[in-house]
Amino acid sequence: MKSLAELQAIREKTLNRINLRKEDASETIRVVVGMATCGIAAGARPVMLSFMEETEKRGLGNVTVSQTGCIGMCRLEPMVDVYLPGQEKVTYVHVKPEMVSRIVAEHIVNGRPVEEYTIGAAEK
Amino acid sequence: MRDLSLHILDLAQNSIRADATLVQLKIICDENGILSIIIEDDGCGMDEALLKRVMSPFATTRTTRKVGLGIPMMAENCRLAGGDLKIESTVGKGTVLTATMNTASIDCLPLGDIAGTVVTLVSANPEKPEFLLFCKTVKGETVFDTRQVREVLDGVPLNEPEIVSWMDASIREEIEPIFGGVVL
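As you go down the protein sequences, you meet chains V and Z in turn.
In this text, residue positions in the first sequence follow the working numbering: the first is 4, and each later residue adds one.
In this text, residue positions in the second sequence follow the working numbering: the first is 31, and each later residue adds one.
Same shape as in the complex, but just chain Z:
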């Protein structure tokens, strides 16, 4: 993966497959330059056995092939950048994936197109789940919540082209001043 936004797009698919109703994407950079990416869902969760295996590239719930590279690739990129990847999960409650990295590390991936990732997720999954994007750095914080958008739309699907453009512009406008000059 070229940047973190693509990793987020990839890992969020696991939450969608876990039949989540709410997927929260939190991107937080603290004053020491430690970047945390938290993907939290209220999906089916994983039992202890699967949770142990899930870091392995040879673990997957799919039957069409024997590899699952999403989590191990992200974990490797975190470790290269002086961080780590941790997953907590409870069956029936959901899963929280926390990826950390040091933005001062030369190997820390750039953030990439976060708005593009959120818009792709929402337009491909217009009915379920809801997505919440929370971004926070020393420069401020912002929240984008599809539940609010849905309320205003009142029955109009979230993946209508004009709505998608609005969401893209809206997220871009909000996050730029927060990440600008803080995270690549």
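Chain V with its partners taken away, still in its complex shape:
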């Protein structure tokens, strides 16, 4: 493994931020990526990695990126659910890595879902 001393240093840096975040756990935004066989085959892994990169780049400590299984709409994969506190979830379909920065900027940061990427627009 790469130097664990380096990891130790990173740990010290993150620690403060985590403690700050604990105080407002109700403000956590959740991004959930479908990661079953259908999702992975359709390209869910680069999408999930893009969400992690983008939130790190913007320093969005209140966003967690996680995964779920197949919810039965395999033809719409890769699918991503975004949960903002106190709001109904928004489901994005056929998500590509190049769509991620717009979803993060408009929806996660500014609270306005990107309508044209949502399941509502795709199923019209």
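Please note that the accuracy of each hint is not assured.
[As the list claims (entries may be wrong)] Which chain V residues face chain Z? A few, computed with CB under 8 Å, are given here:
| # | residue |
| --- | --- |
| 1 | Thr17 |
| 2 | Arg48 |
| 3 | Met55 |
| 4 | Thr58 |
| 5 | Leu79 |
| 6 | Asp84 |
| 7 | Leu87 |
If you are wondering where the hints come from, they were derived from the structure by calculation, not from laboratory data.
Computed from a prediction, not measured in an experiment: that's the story for all the values here.
By construction, the Cβ of each residue, glycine as well, lies at the ideal position given by its N, Cα and C atoms.
Dock chain Z against chain V, hints included.
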């Protein structure tokens, strides 16, 4: 699936669903160019009846749909590349899936982004299970173990963005000289 790393990501989900505490991913290429991918877990295991059915695309433990394609697709890709897929399982003890293929075969899938797969698994499952990646070729071997990372982190979650970046870079750096020029 486009490459083996995506198959590994997919099949490891079965171990996670089996409530494993440790999932070992072993990628070994011997001197004859035979590539083995072993996914070993200490999850709930499968009984004889399920083990017999599990190779069928119409076997799944899910109730939301009737197909389960992860294992049969990987098995097909192994056979196309002159190999096979075998599963051994004991209820309560765990499961060992062994996929083999000949890297000389034109149909052998490329390895793909192994670091990306491990990082995706760890960041989506930061608390449990532990993951161990073991890679070995004629050029050397390396181990990445989340238990070691967790020990250093001492309470800081493994899916913190900076930690994830560190793991990604760390795995990449370790495995590149081992697979470079040996496996596509």
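Taking the numbered hints from earlier one at a time, note which ones the structure violates and give those numbers from smallest to largest.
-> 5, 6 and 7
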